[in-house]
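There are 2 protein chains.
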Amino acid sequence: MKNAIGRDIPAHISGINNIRLYEGAGVYKPEKSGAGKKLRVGKPHTNKILQSIDEAIEKTGLKDGQTISFHHHLRNGDYVMKMVVERIAAKGIKNITIAASSLSPCHDFLIDYIKDGTVTALESSGLRGQLGKYLTRHPEALQKPTIIRSHGGRARAIEAGELHIDVAFMAAPTCDRQGNATGRIGKSAFGSMGYAMIDAAYADNVVLITDNLVDEPVHPYSIPQTQVDYIVPVEEIGDPAGIASGAIRITKSPTQLLIAKYAAEVMEKTGILKEGFSMQLGSGGASLAAAKFIREKMEAQNITGSFGIGGVTGIFSEMLKDGLFKACYDAQTFDTTAVQSLAENPNHIEISASFYANPWNAGPIVNDLDVVILSATEVDLDFNVNVITDSNGVCMGASGGHSDTAAGAALTIIVMPLIRGRLPMIRDHVQNVVTPGNDVDVIITERGIAINPKRTDLIEKLSNSGLPIMKIEKLQQMAYDFVGKPDEVQLSDADKDIVAVVEYRDGSILDVIRKPLV
Amino acid sequence: MKNAIGRDIPAHISGINNIRLYEGAGVYKPEKSGAGKKLRVGKPHTNKILQSIDEAIEKTGLKDGQTISFHHHLRNGDYVMKMVVERIAAKGIKNITIAASSLSPCHDFLIDYIKDGTVTALESSGLRGQLGKYLTRHPEALQKPTIIRSHGGRARAIEAGELHIDVAFMAAPTCDRQGNATGRIGKSAFGSMGYAMIDAAYADNVVLITDNLVDEPVHPYSIPQTQVDYIVPVEEIGDPAGIASGAIRITKSPTQLLIAKYAAEVMEKTGILKEGFSMQLGSGGASLAAAKFIREKMEAQNITGSFGIGGVTGIFSEMLKDGLFKACYDAQTFDTTAVQSLAENPNHIEISASFYANPWNAGPIVNDLDVVILSATEVDLDFNVNVITDSNGVCMGASGGHSDTAAGAALTIIVMPLIRGRLPMIRDHVQNVVTPGNDVDVIITERGIAINPKRTDLIEKLSNSGLPIMKIEKLQQMAYDFVGKPDEVQLSDADKDIVAVVEYRDGSILDVIRKPLV
Chain D
534 MKNAIGRDIP AHISGINNIR LYEGAGVYKP EKSGAGKKLR VGKPHTNKIL QSIDEAIEKT
594 GLKDGQTISF HHHLRNGDYV MKMVVERIAA KGIKNITIAA SSLSPCHDFL IDYIKDGTVT
654 ALESSGLRGQ LGKYLTRHPE ALQKPTIIRS HGGRARAIEA GELHIDVAFM AAPTCDRQGN
714 ATGRIGKSAF GSMGYAMIDA AYADNVVLIT DNLVDEPVHP YSIPQTQVDY IVPVEEIGDP
774 AGIASGAIRI TKSPTQLLIA KYAAEVMEKT GILKEGFSMQ LGSGGASLAA AKFIREKMEA
834 QNITGSFGIG GVTGIFSEML KDGLFKACYD AQTFDTTAVQ SLAENPNHIE ISASFYANPW
894 NAGPIVNDLD VVILSATEVD LDFNVNVITD SNGVCMGASG GHSDTAAGAA LTIIVMPLIR
954 GRLPMIRDHV QNVVTPGNDV DVIITERGIA INPKRTDLIE KLSNSGLPIM KIEKLQQMAY
1014 DFVGKPDEVQ LSDADKDIVA VVEYRDGSIL DVIRKPLV
Chain F
534 MKNAIGRDIP AHISGINNIR LYEGAGVYKP EKSGAGKKLR VGKPHTNKIL QSIDEAIEKT
594 GLKDGQTISF HHHLRNGDYV MKMVVERIAA KGIKNITIAA SSLSPCHDFL IDYIKDGTVT
654 ALESSGLRGQ LGKYLTRHPE ALQKPTIIRS HGGRARAIEA GELHIDVAFM AAPTCDRQGN
714 ATGRIGKSAF GSMGYAMIDA AYADNVVLIT DNLVDEPVHP YSIPQTQVDY IVPVEEIGDP
774 AGIASGAIRI TKSPTQLLIA KYAAEVMEKT GILKEGFSMQ LGSGGASLAA AKFIREKMEA
834 QNITGSFGIG GVTGIFSEML KDGLFKACYD AQTFDTTAVQ SLAENPNHIE ISASFYANPW
894 NAGPIVNDLD VVILSATEVD LDFNVNVITD SNGVCMGASG GHSDTAAGAA LTIIVMPLIR
954 GRLPMIRDHV QNVVTPGNDV DVIITERGIA INPKRTDLIE KLSNSGLPIM KIEKLQQMAY
1014 DFVGKPDEVQ LSDADKDIVA VVEYRDGSIL DVIRKPLV
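Quick mapping for you: the protein sequence lines, in order, are chains D and F.
Add 533 to the 1-based position in the first sequence for our numbering, that's all there is to it.
Add 533 to the 1-based position in the second sequence for our numbering, that's all there is to it.
Since the hints were derived computationally from the structure, they do not count as laboratory data.
Be aware that one or more of the hints could be misleading.
The list cannot tell twin chains apart, which means a pair is met if one copy fits it or any two copies do.
Straight line, CA to CA, 25 Å or less: simulated DSS-like cross-link-like pairs of lysine-lysine [what the hints assert, rightly or not]:
| id | residue 1 | residue 2 |
| --- | --- | --- |
| 1 | 581 | 624 |
| 2 | 562 | 576 |
| 3 | 565 | 592 |
| 4 | 807 | 794 |
Can you build the whole structure from these sequences, using the hints too?
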């Protein structure tokens, strides 16, 4: 079957129920109600503190075949998933689905527990590191393809009851004895708990794992005590070096700086860069670097923006501090400067993944975005974007908020080098689609800028702008002229070789990721 | 049928489905999941602002037989319910259920719309004013008895799907164009939006009605944009004089001061008044006055409490400001001093009604209370408490958080005068029960203190305390010795004369309120 962007989707995929093909942004209208929360009877003066993860596994009644969840706010410094999966394996519990908001190289240990049958399915924003390589080569190691969801799509899936979590094991940098938890403070502080909020609100059992249990009431809290069943104190929930990087700096790469400069000029010349505008910058080098040029223009023209959204870095939190924006909505805090900003600046607002990007509520904040600047691993002539697999077809990235912000923003800009490692980045067809071309407006490279033909308004505004505007086919040819047309990576078309299913944010199937043949 | 406290409950009550008898606190365990939220498709760059209440009624598709909800944070200054009900009536929509978190004398206008069939059912925390009198005398004016719920019970009923709201019309003192709303600021600021939060989270349609629509992002927000379908700007949502009183002062009544002093002494002598203790004070004169004596003892003994819960008054927010407590959880803000405290003091924490008192989540904050001091209109020999009807059997009060805090607190103290207007306040049986005697530990009057016989620990601690401890029967007799035994108000036993059904916080039927015969 072909979906609305012409991707071939098998009618049946082992382990994936209710396949619904992607029809376009906002086309499918859910008629059902969302998931109901499990009702509990909160007993007065209960002690929620447990002695060990083993005790938590026992009290929650976790058993074969259930789904457990983790958030990825500890990023590559996460100790919690390993702690928990080790104890589950030690108890001989098998056939567990891990629904993580994302996975990092620190989760490579999962390979061992996939091999021994403890873990038999994954749902995540992406696959990286050795785990990504392993599953790309051995999709049969899991009982079903990994389900890839955007951050908004995951919030939607949980709230709609499509992703049911039996036990959420949530790392908490600080919590009180009732379970009110925050990521703002504590030795493992990571900032916003935006992804964790949804798991805590909907899981049948919620276990907080903390290395800073305090007696005094914790507030503001990101997870309220009303959602917390148990608390397990441990020595350390993560490695600070892996949790948040030091202050992220603007790139020094001349290519990325040129691309970033173009992005700011596109914003200016399309009229988006005006009083009260809102924006999000992706975490790639060129998107972050755009902040430098946007800032210069805002200061020169005395423009104050309304709000920014993040994945927040110090680069943005400095703009907030300096009054260039009124507010910053934060579902995930990337560096130590931004973590401090969230703790100190009242205009730095922590939000849940649902507030950020869930397409099935009355209005996530991405819906109010004027502009988003995003990266890509490759794009194609239809403006489709891949951010999951590398040029060899190996899973190494994550969906994140890419398709969410692209769908919400009035102007979606993709920034990327035209050529990476002697490979052209504009393909006839991307290996797999994370963001449909319909939601992408402008692709900016160091050698030229392509505008989605459906955006005739932008073509008109930019045609005499002095910017190197050209058809995407011409931009592709320019790359070919430099490095030649590359061979296509050959992908298996066997259904058993489907590595992952890429859900669009509304739960429909946008694409499948297939195993490369070589 | 008789329930666990021996109250006679008809097996069938017209209009009340699924009658479940009260079995005791925490006995009934729900097996079902809660309500699922209605899923929406939030369209990017939608304009939520409507021109009028009429337009909101049309857009939400409100029709005959549906349920609409209101919060009572505007208290006796509320303009919003009248605005909305007038327009519903003008459109000829009939048979509406009004589910308000409470009702005040400013809602007496409802009598007209009950008479003309616009409104045919009420669900509320209580009934007051002319409306209370009218419905006590004319229960047949509605199609079914009014359902009385505690604040926690209402949150539970909504979250459990027992109270389904078609359209929530929520007054918002300030909101932005996306619908992020707060009660902290604006000309009609009332403080916490704790009751409104639950309606907004679960109603099929959410309409904000505001007299302060602002362009800049509103934060912290009590209601998030993700829950808001429409916004109607109006001139005024309420009368400031009725919304919040000026700073509430400690009573000067010697009787109430004596009762309050006893309450503080009971706390001290039972060992509750110690480092890190938590408390809630009801809004009656003697309970609020207890703060004065508790404060004196805390200062003298250098005790710092953990947290307080409110219904918050300036009396408590001053204690918070002065460092006597670490935090204050606020579901409802009573006076202007407390409104200012919520806006300015970061330790003054806004909470939802569910966080406050919903018995069916993983732990509302009432479950962590050491002590609560509450008022009563009358009590009985079984320690049952009535706070709804006056001595003539007329509805004039509200359930509020009475039974919620009594169930949660380790020590529940009832303060009340032994005699009011020459009537003794300790009855053989209260006219109706809002809080079961099982959850009541101590009853304090100006002439004596009765301890629930099941609390042998308290009897032991207080027996040689010098306080006037006595059996409740003796306290009752003391009142009779002064003013004689009063005649019982004769109540109709006809099922058609049931004015209201009092739900316990878990949704079971605790009692029914019957029409007085004279």
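Is the C-alpha distance from residue 581 to residue 624 at most 25 Å within one copy, between copies, in both cases, or in neither?
within (22 Å within a copy, 52 Å between copies)
If the cut is 25 Å between Cα atoms, do residue 807 and residue 794 qualify within a copy, between copies, both or neither?
The answer is within: 17 Å in one copy meets 25 Å, while 63 Å across copies does not.
When no copy is specified for residue 565 and residue 592, does a C-alpha distance of 25 Å or less occur within a copy, between copies, both, or neither?
Close across copies (20 Å), not inside one copy (32 Å); limit 25 Å.
Same-copy or cross-copy closeness of residue 562 to residue 576 [CA-CA at most 25 Å]:
Classified as between; 11 Å across copies, 40 Å inside a copy.
Violated hints: none; the structure is consistent with every hint.
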